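Engineer: The chain contents come next:
Protein chains: 4
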Amino acid sequence: MSNSIGGLFTVTTFGESHGRCVGAVIDGCPAGLPLTLEDVQKEMDRRRPGTQAFSTTRAEEDKVEILSGTFNGHTTGTPITMLVWNRDADSSAYERMKDTPRPGHADLTARLRYGGFNDYRGGGQFTGRITASFVMAGAVAKKLLNTLGIEIIAHTIAIGGLKAEARSLAEIKENVPRSPLYCADVAATARMMQLIEKVRNEGDSVGGVVEGIALNVPAGLGEPVMDTVEGELAKALFAIPAVKGVEFGAGFGVAEKKGSENNDAYATQNGKIVTLTNNSGGILGGITSGMPIVARVAFKPTPSISKEQKTVNSKEMSDTTLTVKGRHDACIVPRAVVVVECMMAIVLCDFVRMAGILPEVMK
Amino acid sequence: MSNSIGGLFTVTTFGESHGRCVGAVIDGCPAGLPLTLEDVQKEMDRRRPGTQAFSTTRAEEDKVEILSGTFNGHTTGTPITMLVWNRDADSSAYERMKDTPRPGHADLTARLRYGGFNDYRGGGQFTGRITASFVMAGAVAKKLLNTLGIEIIAHTIAIGGLKAEARSLAEIKENVPRSPLYCADVAATARMMQLIEKVRNEGDSVGGVVEGIALNVPAGLGEPVMDTVEGELAKALFAIPAVKGVEFGAGFGVAEKKGSENNDAYATQNGKIVTLTNNSGGILGGITSGMPIVARVAFKPTPSISKEQKTVNSKEMSDTTLTVKGRHDACIVPRAVVVVECMMAIVLCDFVRMAGILPEVMK
Amino acid sequence: MSNSIGGLFTVTTFGESHGRCVGAVIDGCPAGLPLTLEDVQKEMDRRRPGTQAFSTTRAEEDKVEILSGTFNGHTTGTPITMLVWNRDADSSAYERMKDTPRPGHADLTARLRYGGFNDYRGGGQFTGRITASFVMAGAVAKKLLNTLGIEIIAHTIAIGGLKAEARSLAEIKENVPRSPLYCADVAATARMMQLIEKVRNEGDSVGGVVEGIALNVPAGLGEPVMDTVEGELAKALFAIPAVKGVEFGAGFGVAEKKGSENNDAYATQNGKIVTLTNNSGGILGGITSGMPIVARVAFKPTPSISKEQKTVNSKEMSDTTLTVKGRHDACIVPRAVVVVECMMAIVLCDFVRMAGILPEVMK
Amino acid sequence: MSNSIGGLFTVTTFGESHGRCVGAVIDGCPAGLPLTLEDVQKEMDRRRPGTQAFSTTRAEEDKVEILSGTFNGHTTGTPITMLVWNRDADSSAYERMKDTPRPGHADLTARLRYGGFNDYRGGGQFTGRITASFVMAGAVAKKLLNTLGIEIIAHTIAIGGLKAEARSLAEIKENVPRSPLYCADVAATARMMQLIEKVRNEGDSVGGVVEGIALNVPAGLGEPVMDTVEGELAKALFAIPAVKGVEFGAGFGVAEKKGSENNDAYATQNGKIVTLTNNSGGILGGITSGMPIVARVAFKPTPSISKEQKTVNSKEMSDTTLTVKGRHDACIVPRAVVVVECMMAIVLCDFVRMAGILPEVMK
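Protein chains in written order, with the numbering used here: chain A, 13 to 375; chain B, 13 to 375; chain C, 13 to 375; chain D, 13 to 375.
Wrong hints could be hidden among the right ones.
[To be verified] Straight-line C-alpha distance at most 30 Å; calculated DSBU-like pairs for lysine-lysine: (1) 375(A) x 110(C); (2) 110(B) x 284(A); (3) 175(A) x 270(B).
None of these hints come from the bench; they were simulated from the model.
Nothing here was measured: the structure is a model prediction, and the numbers come from that model.
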């Protein structure tokens, strides 16, 4: 099931960039979760393009519709189908580029994978737009987790070479919603905005890093050996277009540490066992420890740039160049913040379901 | 299925560190693959402990037995069951540590997950020893891939803060098998050996980074949106104990690049389309491009150290300290090299099966 | 994934009887299959209510819409989403019956399963209407199988106690499309029509048996031990509401036979190995033999009858009676014929995909 | 995963008739279930061949070994691996029959499926012996269900044309354990024994019907639309070699009933809602109702008969005849009774796990 994720809380996505819609089916959301259209729309609005200078000018309203699975303001336990219709798609450019694959995009690999039958307009399903499906499903997942007290917050920690300074959880909660880049470091935000503006003017793009944090996750979630919390989160995060790296806790930094530095010492605190550091990112042996889950996700720069690039004409098997026109993000990272949250939420819902945990109201 | 991985080429592992055995069942290996015990033993020997100064002194012979699934020197298409018996297990230390979880280990999370019924001796299934199962299964996967011309090579690229210099593929192939650390940089190997010796003498440990490369992988493998090549590889790699980060191609480095730097330009070469760089690590849109797949995996330092550490007595809910005795690796990274290869092989076998690709001899 | 079926050719259904729509997502249909709306509508029209005297008077047009997964008249390899909107739903009766479960329906079990949050209008997802989803998906499956020369034909072989006489394959192909009951025995059809009319006038209903036949299925399909062709077909057929028995070949009749009668003798015929009888129903060891697959499916009488029935008031926990009003089929069997075909087609597509078989045009 | 069944309580089988062993891995048995070797051996002994006149003379001791997943007399939550070694296998006959497929067996279909690489000795995995794996796993499942008060009883209700008369549950519980055929009708047992003896002397075999009953199953289990209780039970039961039909409750009899006869009327009884009849077999809408689950399973006569049969030489593509020698059951039905119980138990464990139900002691 290549377009599904999760074992008990399962999300199946569908749709293409320039087709009729993009959507998702959630199978396995327990009955009795209060759910309104607004719950979903609120998250969708956080990934909307077109609201900021650094973003694509494609103007989709992205009004979510719920087609099944709710009744009297609650989930029914049957599949929840949601979609947004595509309206503002301009496919004219893609006909011209059909045989000249855009570097960094999936044009060529999709053609090879699907024998040339893939919908190449806007990349078909290989489009940032598919993340609208992730967000619809993730919005429901976040709602379910919230009823259990679990909170997920993502924020931008690097754009290009610019890194945000570490901030306390309180500062993150306060600053991120106000930042156009969802970054907790106010000073860095300003510099990042300038950098994005600069590369946009150069017809270029820039990548970055998003950190996702899950708070109040119960200890003891996880299905190792194979279905570890890290592994499932990583699989979900790599489904987000442009992700090339995922790490947890101290991440790649662990390679440079000694065991005595990296091991998180245990201590008792208010009758609970905690760790004094969190190099493990809240996960040991693939199982949650009760400490915050901390994941970091590397996003490559948007491959759509207006600078001339070397490519091939795959029909004539000759070398050529390409200049990509159209409406694109100079930096996808800020719009990806909510997507990271949603993918983390989807995976954690699955683990919560595996553990048989249900909010009181839904029992 | 928490102890299984793969959809068509499925590996299920079983066993515990101090139980009777560790083993694996492969379901979905096509009939007709020539397979001998030596094919599997050869890979197992590469992860054997006890052969080098930096390694644990637990001395398991790890002689693989094949219990089902082969006949007349070929696979039959039915489940292949393999195991190694445990013989040299000393459980005495674990009884004492039962209520004082070792920092950095899964002792506490396993107890929480399994309600205290987990086999805590040697960590139970939360043991480096479970990777013997991965290697048995991976050996079969590598054999299957080899019949298709696909080759997988992993090597150590960092130990502690020491980084190996980049080497050509030819140098990697030549130097790695000779290096006790499976590192292609001869000079770095020597320094790494000294570092390991040093931390061992301190009663400490050190982590590192392994790079896995898959060569001659056909273009067009992958099952996006959700089952991307990156995502499935990452999930498999995070199942290896101690892994805290996984990246592909330019990895976390993409965050600092501009699109014009990061996009891999296309060119024709000998009638094939290639990319002039490989920042994508051979994967675009979750689909293989035909370029080498390059993954990097961060391993944390072995949590078992003989230095005194802060922990708790979980029974009495009091703070205490712990000194871990026993036979442990000061650096797990060299023994993990073959494990990385094997996990990559298992995942690629699954994608190869999904694509319906079979060697001529097996059709 | 409770609302999905299939491993490689996966169908996920959604929707409720009185919700906005019923639909299906197919994940795993290979790219390149020619597919038009008419291909799907044609099958949908065969299950339409309201065209015959014996059928419900709920008048849905059931115009299929394809929301994703096709481009330029072919499948793209990405999820195919299809739906029909609900328009003619009258929910007024259900509010009254909320606490008095209809005998033979899933009213009570659904309430217990979903904690009372289920959409009880029209049975919610426990409705014959969900089979519209099966037909949409099955229509695509039948198209795919047709490109491989595989043909699936179902027909009514019993209504109430009336049994159709056995007919040759040629007669089945000729007579079934002309029969309002999809029955190959013309004389029996007339008697069955009278019986249905009689029970309808009594405010009662009647069951029956449908036989499904799959022709030209390649030998060697099947994934035993667990994923047998019989097992997967049975699972799919039991998903059709009202099915209480499934058998293959000689079916329950095998229990009365001796081995020497039941074993299908082999013989060579035109350079192929065939069996002289087909008591196995085309399946041995869970694997297709190349002979026709023959399945028989028992349907219970529609539980919705207008006769007074004993039930309970589940709120007051008291005994009471119920008379079900509304628009219902006196005999669901004829409308189920296309559904049986479609479920068989979905399952066989999955096995065909598992075997890596693809039509030439799609390679 | 063709050799696995179940989503949360998953059983994977392995082994061949004349290989080293047959076995099973259970993944998903919760931690804390008291489990001894005797719990498993007890069920294994009920399917042992060689103890009765009507049975094969192959004399396997079938002593179960548990290789992983238990510790201190309880399950640990990790995979439980069990096996029995093969010792008394005589493969000499099979070499001769290699190219002359036995009618009614999977010899030919297995060869086609696995390209001739299948282990043809004793049928390889297409052997009644694989049911030893089902029983090992089922024994654990039964133990888990027992802790929840769920009881599963199967019994023989027909052998050849001879049908047992219906007996009360009390009589079934009393008579079945004493009957060499596991039949509750004492008089019928005697006649059945004579019939089996007669067909054995004729070099023939005979089939039959087994009924499985599950008592005290909680209402509300089931994962429709696709994963119905009937569908999952049927899939599991069709995995038992020789099964050609499965029905629930009134089964195929529903086809001859009117709705007013077939609908099970509701009534209150001791503060619970019950049905006054059980034509539904305890399942409505694919969900358990709390009434006993009743399944009936048709077994074909053992295909191994010593009468001469028509077959082909598949190498020379010529017609020939075959007389099967060796040790075979004249009637497999009595030995299948425990297998039916075990398969039902495995499936119900999975549904119990899906519902998040756990015995108090294991929470």
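Engineer: Of all the hints numbered above, which does this structure not satisfy? Sort the numbers upward.
Structural biologist: Violated hints: none at all, because every hint is consistent with the structure.
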